[in-house]
Each structure stands twice: as structure tokens, then as C-alpha cells.
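Participant: In case you want the letters, here they are:
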Amino acid sequence: MGIPFSVVCLFAAPVSALLFGYFFLLKRKQEWMHWPMILSCAVVGVSAASIAAQVYSGHVLDVSPFKWMPVGAWSVSFGVRLDGLSAIVLSLVALVGGLIHVYASGYMEGDPAFGRFFLAFHLFYLSMIGLVVANNYVQMYLFWEMVGLSSYLLIGFWYQKASARRASLQAFFTNRVGDIGFFLALLILMNVFPAAHARFSELFPMLGKGSLAISWVGWLLFLAATAKSAQFPLYFWLPDAMEGPTPVSALMHAATMVTAGIFLMARSWPLISLAPHLPTTIAAVGAFTAVFSGIIAATRKDLKRILAYSTVSHLGIMAFGLGLGEVSSALFHLVTHGFFKAALFLCAGNIAHALHKSTASVDETGGLLKKIPVTAVFFTAAAFSLSGIWPFAGFYSKDAILGAAFDRGGWASAAGFAIAFLSAFYIFRMLFLAFLGPRKEQHPPEHPHEAGPAMNVPLFFIVLGAIGIGWFSAQFYQLASSGWLGVSPMIKIPGFDWSSFIRSSSMAGLGILAAYLWTMKWPSFDWDWRRNMPWIETIADADFGVKPMVAALTLLVEELSYLLGIFWDKKTWDRWIENTSLWAEDAAKSVSSLASGRLNDSLWWILLGGGVMLLRLLK
Amino acid sequence: MILTLFWAFPVIGALFTLLAPAFNLRARWVSLICAAMELYLVLQAGTGFWGGRLASLSEPGKILTYGISYSFSMDGLSWALCLLNAFLTVIALLSSWKQDLSAGFWASFLFLEGAVMGVFLAQDLFFFYVFWEAMLIPMFFIIGLWGSENRKHAAIKFFLFTFFGSLFLLLGILALVVFHHQSTGVWSWDMNILRAPNHGLYAILAFAAFVVGFGVKIPLVPIHTWLPDAHTEAPAAGSIILAGVLLKVGVYGFLRVLLPAFPEWGMKSLPWLGGLAAINVIYGALSAMAQMDLKRLIAYSSIAHLGFCVLGIASRTAQGLAGGSLQLINHGLTTGALFLMVGFLYERTHKRGLADFGDLVSQAPILTFFFGVTVFASIGLPGLNGFVGEFMSLSGMAKVSLPIAVVGVFGVTIAAFYLLPAFQAVFLGERTPASVSSRVFDLDFREQALLWLLIIPMIVIGLHPGPLLNIVGPAIGKLIL
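Line by line, the protein sequences give chains A and B. Each residue of the first sequence is one higher than the one before, counting from 140 in my numbering. Each residue of the second sequence is one higher than the one before, counting from 12 in my numbering.
One or more hints might be untrue.
Unchecked claim - Below, simulated DSS-like cross-link-like pairs (lysine-lysine); rule was C-alpha separation at most 30 Å, straight line:
1. A:Lys686 x A:Lys710
2. A:Lys166 x A:Lys300
3. B:Lys163 x A:Lys728
4. B:Lys279 x A:Lys709
5. A:Lys300 x A:Lys709
6. B:Lys109 x B:Lys362
7. A:Lys440 x A:Lys709
8. B:Lys362 x A:Lys710
9. A:Lys166 x B:Lys489
10. A:Lys300 x B:Lys362
11. A:Lys440 x A:Lys300
12. B:Lys489 x A:Lys206
13. A:Lys579 x A:Lys660
14. B:Lys109 x B:Lys279
15. A:Lys709 x A:Lys728
16. B:Lys362 x B:Lys163
17. A:Lys709 x B:Lys163
18. A:Lys166 x A:Lys496
19. A:Lys168 x A:Lys496
20. A:Lys510 x A:Lys579
21. B:Lys279 x A:Lys710
22. A:Lys300 x A:Lys168
23. A:Lys440 x A:Lys496
Because the hints were derived from the structure by calculation, they are not lab data. Values in this document were obtained by computation on a predicted structure and should not be read as measured data.
All chains should be modelled from the sequences, with the hints used to inform the complete structure.
Facilitator: Okay, here's the thing in C-alpha cells:
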């Protein structure tokens with residue numbers, strides 16, 4: 140089977156851009172580095188659009204043209220699967236990722252490591268594309284790890300800062316812990332279903348209900364997704380990951396990296412749904428993550444950190460939706476979130492850029508509405524979308540998930556209310572604090588400047604998506620269900636429903652009102668409670684105890700390695716071995732005292748020897 | 012004759028190198044030319060193995076006395092390891108090119124190369140043992156004469172330790188010969204014929220003797236403590252060969268001698284061997300985390316990586332054996348490259364402690380790039396060679412014993428925990444007072460070329476290991492249970 144040209148382009152364009160950039164531009168003309176990358180994004184974007192159109196009309200492609208690891212019957216291939224699921228996330232990555240590339244070319248202008256930035260940035264993009272079009276788990280793992288590698292390179296981009304180095308290590312390690320799950324799942328899949336070669340299209344039809352191996356694989360894949368998609372308790376790396384430049388955060392939180400875990404769960408849904416109790420657990424973990432990090436987001440002061448916790452919260456919402464069986468709604472939320480979160484991060488980047496800093500705290504902002512009005516408008520639109528206000532995009536996806544939660548009732552319903560309230564509250568708190576005012580505690584810059592067209596034009600298009608992408612939910616569903624491998628069909632994204640609209644919108648409205656009271660009615664409240672009740676901030680800063688626990692765990696591993704590697708191996712065991720030579724020496728010394736060299740002793744020995752010989756002879 | 016040439020040519024080359032100063036020739040050039048010709052010879056002989064056209068290349072044996080026969084044979088596995096040996100010898104020679112060293116240094120590497128070739132090719136256990144012991148001599152001198160401060164201690168420790176192991180190996184070999192003589196009345200030392208009985212105390216003892224004899228070389232925990240010292244004190248070129256080639260002969264012995272000779276025992280001992288390997292993986296990785304000396308750290312990582320080789324082989328499945336064998340090559344490339352780069356650093360600064368460096372990237376960005384790629388290959392990032400070997404080994408083990416495979420997966424994870432912080436501390440972290448004094452020059456053309464030679468195979472094997480697997484596969488096919 141031939142491979143369509145558009146599919147070849149998905150890989151050929153980024154790879155050749157990277158090679159060209161590394162070998163030709165890096166040393167000579169690194170300020171041109173963005174051109175091959177943006178060109179490659181354009182090629183990938185067009186290819187993705189044509190692929191999406193093909194898939195939309197029902198043409199699913201699944202080929203495995205190359206053998207990767209062939210050993211007799213056991214083998215792993217390279218291949219691509221282009222169905223609704225991959226086409227959707229591919230389009231999101233290609234479009235939003237491409238726009239962020241353009242934005243980054245403006246944002247990073249003049250950085251001494253401009254070339255390195257774009258190489259790593261584009262590697263990130265390539266890895267994510269590879270991940271979504273993979274047709275088997277092993278190949279997916281390859282790109283899954285490459286996503287981790289690129290995030291490591293980008294989070295630690297400003298490696299001169301100790302915090303950036305620490306954050307990049309933390310991100311890589313946490314993901315590595317999750318990868319234990321993925322790796323083990325691969326091992327089980329390759330051994331229990333050797334004939335499937337870990338290919339989705341061959342594996343899923345083989346699954347029988349209730350098999351123990353299948354549930355294990357399901358749980359392990361969930362562990363992997365927990366780390367990559369920042370679910371509780373492996374979420375803590377993501378807020379710290381904003382140590383990288385803002386475009387990196389935008390790419391990582393919107394299109395690549397964190398969406399990979401949700402994508403993995405959606406891709407594996409036929410498998411996960413068979414594991415007993417797993418979907419409910421996913422929903423519960425997602426709901427808890429969403430509420431937990433929503434609360435933390437409401438207490439943060441750093442703009443990017445608020446957005447980072449908000450991403451954790453929204454990933455929780457996606458997992459919540461997935462766990463409730465709403466695969467298509469969760470995916471739709473992934474897409475709308477990709478747009479509004481990218482927009483919010485880029486707006487935060489605009490603010491930081493105006494301040495000439497890598498990140499900004501609310502103390503340094505306030506009253507920015509008059510100074511950078513374009514950014515303020517963009518931010519407001521995206522904030523409405525995030526809060527799920529009709530008719531912004533966020534409403535359509537979030538409302539579908541919340542609707543399912545209300546239908547489930549009980550804890551799910553309560554979580555739904557909390558989520559709707561919290562997300563509106565923290566984003567509008569941030570909006571009011573940053574753009575209105577300034578309050579007496581805030582010290583905004585005197586003359587901030589609006590970002591240039593290289594930054595604001597791509598941002599405009601992303602905001603457009605954050606506003607309007609929700610109106611295409613019917614088409615989205617059509618695309619998503621094309622080539623769906625699940626045993627049961629995907630659940631349709633529900634249409635407009637008054638009852639859930641009223642419930643979720645009223646909660647969001649309450650959230651906005653609360654944010655208004657918090658920041659506008661009592662303008663100093665945010666500073667007062669920190670001053671008067673510092674213990675609350677201490678608890679919130681420690682993420683309710685998660686951070687100290689992570690630190691303790693790290694220390695434990697370090698101590699363990701010291702005990703084994705130095706105390707036991709070098710100072711105890713190896714010393715004992717080396718001392719054996721001393722024993723030999725001692726033994727030799729005690730024997731050598733027999734050969735003292737005195738004539739008298741020797742004569743006695745001769746006599747003894749002679750006597751023994753004589754005895755032998757006589758016998 | 013060609014197979015004799017494989018081991019004899021480097022040995023003769025070593026003699027030429029020693030004599031070179033007498034004829035006013037540059038010893039290093041003589042040794043390099045010999046090593047390059049040897050590499051060409053091996054490559055030339057291997058053309059038949061590509062695409063599986065040739066299963067093995069052997070020459071008729073010549074029986075000498077007591078059944079000792081002079082016979083050599085080469086199959087895909089031997090060829091791949093011979094190629095690794097010849098290739099890494101060239102790299103090792105070139106790595107110390109700029110240092111002022113006597114002819115003996117250059118000759119030692121050629122002599123070592125010849126001895127290792129002999130081990131990989133011999134079919135007769137007598138000659139196998141002779142070559143096995145012959146490897147010790149040049150390595151002893153390399154560590155003891157051209158090593159760093161503590162070289163004498165390390166050299167003697169290396170020699171005694173491995174000699175101790177060799178005695179067990181000799182016992183095992185003699186036991187096999189005697190078993191064969193008892194059952195057939197014929198003396199033979201042919202490793203393709205000799206089989207141990209399925210039961211009996213002596214068979215158990217012989218098996219254990221082989222495990223210890225080969226295990227010292229691999230090295231298996233707890234008989235591994237010579238390795239960190241030997242690696243730390245050896246000169247860079249010595250470390251490259253020690254890690255890249257010499258550790259491989261132990262696993263090769265498992266594949267060629269131990270497993271075929273104990274067909275029944277091999278099966279029963281699977282969990283044991285797998286368990287030992289899993290201990291190696293975790294023990295090596297955790298110990299590496301605590302090391303503050305770059306060479307010691309890499310040495311412990313070798314223990315962990317060789318654990319994956321044994322893990323795959325112990326599974327006795329097609330993918331496990333292939334993965335374990337592939338991991339031998341992978342480890343030779345990645346660890347060879349790591350030692351090469353640490354050697355470059357040592358050449359410039361005469362330091363190897365993690366705390367002695369910091370922020371090298373601003374002085375040596377090219378070195379940082381190469382080191383980064385190699386670190387990621389070593390921690391098993393898919394797309395580079397380490398992953399393929401580890402994944403196949405663990406996949407084989409998962410088929411036999413899932414708990415052991417789980418332990419192995421944890422080992423894969425921990426690999427990142429010791430290599431990445433070390434990488435950050437040396438190349439990215441802040442400059443320490445100790446590191447400010449010496450300025451580090453970035454790599455010159457020779458050094459970059461050497462690293463490209465090592466890194467390109469890492470990427471090729473990572474993405475397209477098929478041809479190599481096809482070469483190695485038939486050689487280990489008969490070991491699959």
C-alpha cells in the first residue's frame with residue numbers, strides 16, 4: 140500500500156527543517172532559524188488539513204510500511220494510522236503549534252540562543268505529530284519519550300537559572316515514573332497478544348472482556364497518562380515547567396505534551412473501558428485534580444503559574460469526561476482548551492514581554508487594560524471561553540462534560556458544580572487583577588508597549604478559535620467518529636440543553652461575581668489575607684502537602700543510593716574484599732616465622748625431615 | 012587461514028609497533044595502520060553476513076593432542092563483536108593521539124585486540140582459555156603504567172580479581188572435558204560438542220564455576236568491585252576498550268559456552284540468572300546515583316547495562332536473546348563514547364569529579380551536544396540504540412517471568428536519575444570555584460570525527476536495527492527454548 144504524499148510531508152518537512160537548521164543555520168545564521176521551521180509548519184498544516192478532509196469523508200489510512208525491530212515472529216513496525224482521533228489532534232497540533240511558532244519568532248527575537256530554541260521547539264512539534272499518527276503502541280512510546288525529551292530541553296532552556304534546571308529535571312523524572320506504566324504495558328501487550336504487534340487496529344478487536352492482562356494494561360496506561368497529562372498525584376511538574384520561555388508553555392499546555400496523556404487514554408479507550416473500575420477511577424482522579432488545582436490556581440500570584448494550575452485543572456476535566464465515557468466530549472474539550480489556553484498563555488507572554496521579564500506577578504501588573512488594550516481584549520475573550528460562557532468555544536465542550544456529570548449525580552455532580560465555579564473564579568480573578576486597577580499594592584510598569592504584529596497576528600487567529608471553534612461540534616463529532624476502533628460507538632456530543640446550560644452558566648456567573656467582589660469590591664483583599672493569615676499561603680504554596688512529600692521521597696531515594704553505592708558497596712563490601720589480601724599477608728607472615736634463618740632452627744627442621752624420610756624408608 | 016589472521020594480525024602488528032622506534036618510525040602511526048587494516052579485514056569478511064547469505068565462516072580444525080584442536084569459526088554474533096572490537100580499537104588509539112606515550116602503549120592495544128579476537132573466534136575451549144588469559148596482560152599494563160594516580164592498586168586489583176575468576180573458568184572447562192571423556196571415552200575441547208550431564212553435584216558445581224568465571228568479567232554483583240576502580244584509574248583509551256569490549260566476553264561466554272553446555276541446567280537456572288541480572292540492573296543504577304566521580308558513575312552504569320544483556324539472554328526467547336546481544340553492541344558504543352568524552356575532559360583539566368565542572372556548555376557547546384545525545388542513548392530514549400536492546404531484552408524476560416521484567420523496567424527508569432543530573436552538573440550547572448581556573452577548549456576536528464563515528468551508529472541502530480538483528484539472529488537461534 141502506498142503512503143500518500145501528505146503523510147510523507149508530516150515527517151519529511153519537520154525532519155528536513157531540523158537537519159537544515161542544525162547543520163547549516165545554527166553556526167552561520169541562527170537568526171534565520173525560524174524560517175525553515177515556519178515553512179515546515181505551513182507544509183504540515185496543509186497536509187494535516189488535507190488528511191482531515193480525507194478522514195472526514197470516511198477514508199481511514201492504516202499502514203505499516205517499515206519493520207523497526209524484526210526478530211522472527213516477534214516484531215515491531217513503523218506505521219501510521221490516520222483516523223478521526225489522530226486527524227483531530229493532528230490538526231490541533233499543526234494549527235495551534237504553527238501559530239505559536241510564528242508568535243515565538245517575535246517573542247524570542249534577539250535571544251542569544253534563538254537557534255537552539257527553534258530546534259528544540261520544532262523537535263517538540265515533530266514528536267507530537269509522530270505521537271498522534273502512530274499506529275502501534277511501541278511507536279507511540281518512541282514519540283511519547285521524544286515529547287518528554289523536547290520538554291526537558293525547553294523547560295531547561297534558560298539553563299543558567301538553577302530553578303530552570305531543577306524544573307526540567309523534575310519534569311523529565313516525573314514523566315519517567317509514568318513511563319514505567321507505559322513500558323510495562325508494552326511488555327504485557329507484546330507477550331499476551333504477540334500476533335497484534337501492539338497495533339491498535341489488530342489489538343482492539345482481539346480484546347475479550349474481563350481478562351486480567353487487559354485490566355493491568357489499562358491501569359498501567361492510566362499511570363502513564365497521569366504523569367504526562369499532569370493528573371493528581373503526578374501533576375506537580377507542570378506548574379514548575381513554566382520556567383521555560385512563554386511560547387514553550389503555550390505549546391506545552393495547549394497542543395503538545397499534556398494533551399498526549401489524554402490522547403493516549405482516548406486512543407486506548409476500547410481497552411480501558413474493559414478494565415473493571417478503571418473508568419470510574421479515571422473520572423474520580425480527574426474530578427479531584429480539577430477541583431484541587433482549581434483551588435490552588437485561585438491562590439497564586441504569578442500569572443503563568445495561575446494558568447499552569449488552570450491547565451492541570453482542565454486536564455482533570457478532560458479525564459473526568461473520559462472517565463464518564465464521554466470520549467468525544469473530552470476530545471472536544473482538548474481542542475477548545477488548546478485554543479483558549481494557548482491564547483491565555485500568549486497573552487501572559489505579551490504582558491511579560493511588555494515588562495521585559497520571563498514571567499510576571501500580579502504585583503507588577505494592574506490597570507493594563509488602558510496600556511495594552513489589544514492583549515486585554517484577547518485575554519477577556521479567552522477567559523470567557525475558559526469559563527464556559529455561551530457562545531464561546533469552551534462552553535460547548537465543557538458543558539457536554541458537566542452535563543454528563545450532572546446526569547451521573549452524586550459526587551460527579553458536586554464536582555461539576557465546583558469545577559464550573561472555580562474555573563470562572565480563578566481566571567476572572569486574574570483578569571481583574573491584571574487588567575483593572577491598579578491597586579495600591581501593585582506597581583505596574585510606566586510605559587508598557589503592545590507586542591508587535593509577529594506576536595499579535597497569530598494570537599488573533601488563536602483567539603478566533605477560542606471564540607468560534609465550538610460552533611462546529613457536529614462536524615467535529617463526524618470527524619472524531621471516523622475510523623473509531625471502539626467496540627461501542629462514541630457518544631455523541633450533546634446539543635444545546637437548557638438544564639445543564641442553566642446550571643453550569645449560573646455557577647460560572649457566580650464564579651465571576653465572586654472574583655469581582657474579591658478583587659474589585661475589596662481591592663486589597665488578595666494582599667490582606669496573605670498578610671493576616673500567612674499560614675494559608677504556606678499551605679497553598681506547599682500544594683496542600685504534595686510538594687514536601689515529593690521532596691521527602693526524593694531525599695529517600697538519594698539516601699538509599701548513598702547507602703548502597705557508597706556505604707555498602709565501597710566502604711563495606713569492597714573494603715572487605717581488599718582486606719582479604721591483608722589476611723593473606725598475615726597468614727604468610729605467620730608461616731614465614733618458621734623460616735627464621737637461624738642455623739639452629741634449620742638444623743631442627745633438617746632433623747625432622749630426615750626423621751620422616753627415615754620412617755618411610757623403614758616401612 | 013583468514014580466521015587465524017584475525018587474531019594473529021594485531022599481535023604481529025603489536026610486535027611491529029614495539030619495534031617501530033628502533034627503525035625511526037612513529038609507533039602510533041604503525042599501530043593505527045595495523046588497527047585500520049584489521050578493521051578492513053573484519054569488514055571484508057563480514058560482507059557475507061549482510062542479508063543472511065552466510066551463516067558462519069569456519070576453517071577446518073587441526074587436532075593437536077589430548078583432543079585439543081586448533082579450530083576457529085565465525086558466525087554473525089562473533090562477527091558483530093569482532094567488528095565492535097576492531098572499531099573501538101581504532102577509536103581508542105585515536106582518542107589518545109595527542110598524548111606523548113611510549114610504543115608499549117600503542118602496542119598493548121593491538122595485542123589486546125588480537126587476544127579478544129581470539130576469544131570471539133575460538134571453537135576450542137583450550138584456546139578460548141588461552142586467549143581469555145592473554146587479555147589480562149595488556150590490560151594490566153595499560154592500567155598499571157598509563158593510568159592515573161592510583162593506577163598500581165587498581166591494576167593489581169583488576170588482575171587478581173579477574174585471575175580469580177579465570178581459575179573458576181578453568182575448573183569449569185576441565186570439568187566439561189572430563190564429563191565428556193567419562194561418557195564417551197574421547198578427549199575433546201570443542202565447545203560445540205561438550206555437554207554437561209543433566210544431574211549430579213559435579214554438574215551443579217561446574218555450572219556455578221562458569222557463572223563465577225564469566226560473572227567476574229561481566230561483572231555480576233557482588234563480584235563487580237574491580238570494575239569501578241579499574242575504570243577510574245585506566246587511561247581513557249583503556250576505559251573505552253575495557254567497557255566497550257572486555258566486559259562483553261563474559262556475556263559472550265554465557266552465550267557460547269555456558270548455555271549450550273548445560274541445556275537442561277540452562278532451563279532450570281533461568282530464574283536464577285534472570286534474578287541475578289535484575290539485581291545487577293538495580294544495584295548498578297542505584298549505586299551510580301551516589302557517585303561523585305564521572306568515571307565511577309559510568310562504571311556503575313555499565314554494571315546496570317550489562318545486567319540488561321544478561322536479562323535478555325537468560326530469558327532464552329528469540330527477542331530476549333537478540334536484544335541482549337544487541338545490547339552488547341549498544342553498550343560498547345554508548346559507554347565507549349561516554350568514556351571517550353570524559354577522557355577529553357580529563358586531558359584538558361586533569362579532573363573527573365562532578366563538582367569539578369560546571370557550565371561547560373558556554374566553553375564547549377559541541378562537547379555538550381555530543382554528551383547529551385550519548386546520555387540520552389544510554390538512558391534508553393527510544394529512537395536511539397539503547398532502547399531497542401533494552402526493550403527486546405525486557406520483552407523476552409516478560410514472557411518468562413514478569414516480576415523480573417518489572418524490576419528491569421524500574422532499572423530503565425532509574426538510568427535517567429543518575430545520568431541526567433550528572434550531565435546537568437557538569438555541563439549546565441553553575442561554575443564552581445574549582446572549575447573556574449581551567450579553561451576547557453571545545454572539541455577539535457579529530458575529536459568531533461571520532462564522536463560522529465560513534466553517534467551515527469547509535470542513531471542507525473535505534474531506528475533501523477533490522478540488518479544487525481538479522482546478522483546476530485541466526486547465531487543465537489539454537490539457544491531459544
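Participant: Would you mind marking each hint as holding or not holding in the structure?
Facilitator: Status of each hint after checking the structure:
Distance hint between lysine 686 of chain A and lysine 710 of chain A is unfulfilled; the C-alpha atoms sit about 33 Å from each other, more than 30 Å. Restraint check: the Cα-Cα separation between lysine 166 of chain A and lysine 300 of chain A comes to about 24 Å, which is no more than 30 Å; the hinted pair holds. A distance of roughly 23 Å separates the Cα atoms of lysine 163 of chain B and lysine 728 of chain A; the hinted pair therefore holds under the 30 Å criterion. At most 30 Å may separate the alpha-carbon atoms for a hinted pair to count; lysine 279 of chain B and lysine 709 of chain A exceed this at roughly 33 Å.
For the given pair, lysine 300 of chain A sits about 34 Å from lysine 709 of chain A by alpha-carbon distance, which is inconsistent with the 30 Å threshold. For the hint linking lysine 109 of chain B to lysine 362 of chain B, the alpha-carbon distance of about 18 Å falls within 30 Å, and the restraint holds. Restraint check: the Cα-Cα separation between lysine 440 of chain A and lysine 709 of chain A comes to about 48 Å, which exceeds 30 Å; the hinted pair is violated. Our distance criterion of 30 Å between C-alpha atoms is met by lysine 362 of chain B and lysine 710 of chain A, whose separation comes to about 23 Å.
At most 30 Å may separate the alpha-carbon atoms for a hinted pair to count; lysine 166 of chain A and lysine 489 of chain B exceed this at roughly 52 Å. Under the criterion of a C-alpha separation no larger than 30 Å, the hint pairing lysine 300 of chain A with lysine 362 of chain B is consistent with the structure, at around 25 Å. Distance restraint check for lysine 440 of chain A and lysine 300 of chain A: the Cα-Cα separation of roughly 21 Å lies within the 30 Å cut-off, and the hinted pair is therefore satisfied. Under the criterion of a C-alpha separation no larger than 30 Å, the hint pairing lysine 489 of chain B with lysine 206 of chain A is consistent with the structure, at around 23 Å.
Pair hint lysine 579 of chain A plus lysine 660 of chain A holds up; C-alpha atoms about 14 Å apart against a cutoff of 30 Å. A threshold of 30 Å between alpha carbons decides the hint, and for lysine 109 of chain B with lysine 279 of chain B the separation of about 52 Å lies outside it, so the pair is violated. At roughly 27 Å between alpha-carbon atoms, lysine 709 of chain A and lysine 728 of chain A fall within 30 Å of each other, so this suggested pair holds. A C-alpha spacing of about 19 Å is found between lysine 362 of chain B and lysine 163 of chain B, which places the hinted pair at or below 30 Å, so the restraint holds.
Annotation: proposed proximity of lysine 709 of chain A to lysine 163 of chain B holds, straight-line Cα distance about 18 Å (limit 30 Å). With a C-alpha separation of about 27 Å, the suggested pairing of lysine 166 of chain A with lysine 496 of chain A holds against the 30 Å cut-off. For the hint linking lysine 168 of chain A to lysine 496 of chain A, the alpha-carbon distance of about 26 Å falls within 30 Å, and the restraint holds. A distance of roughly 18 Å separates the Cα atoms of lysine 510 of chain A and lysine 579 of chain A; the hinted pair therefore holds under the 30 Å criterion.
Only pairs whose Cα atoms come within 30 Å are accepted, and lysine 279 of chain B paired with lysine 710 of chain A is rejected, the gap being roughly 35 Å. Restraint check: the Cα-Cα separation between lysine 300 of chain A and lysine 168 of chain A comes to about 26 Å, which is no more than 30 Å; the hinted pair holds. Restraint check for lysine 440 of chain A and lysine 496 of chain A: the C-alpha separation of about 15 Å stays at or below 30 Å, so the hint holds.
Checked against the numbered hints above, the structure breaks hints 1, 4, 5, 7, 9, 14, 21 and satisfies the rest.
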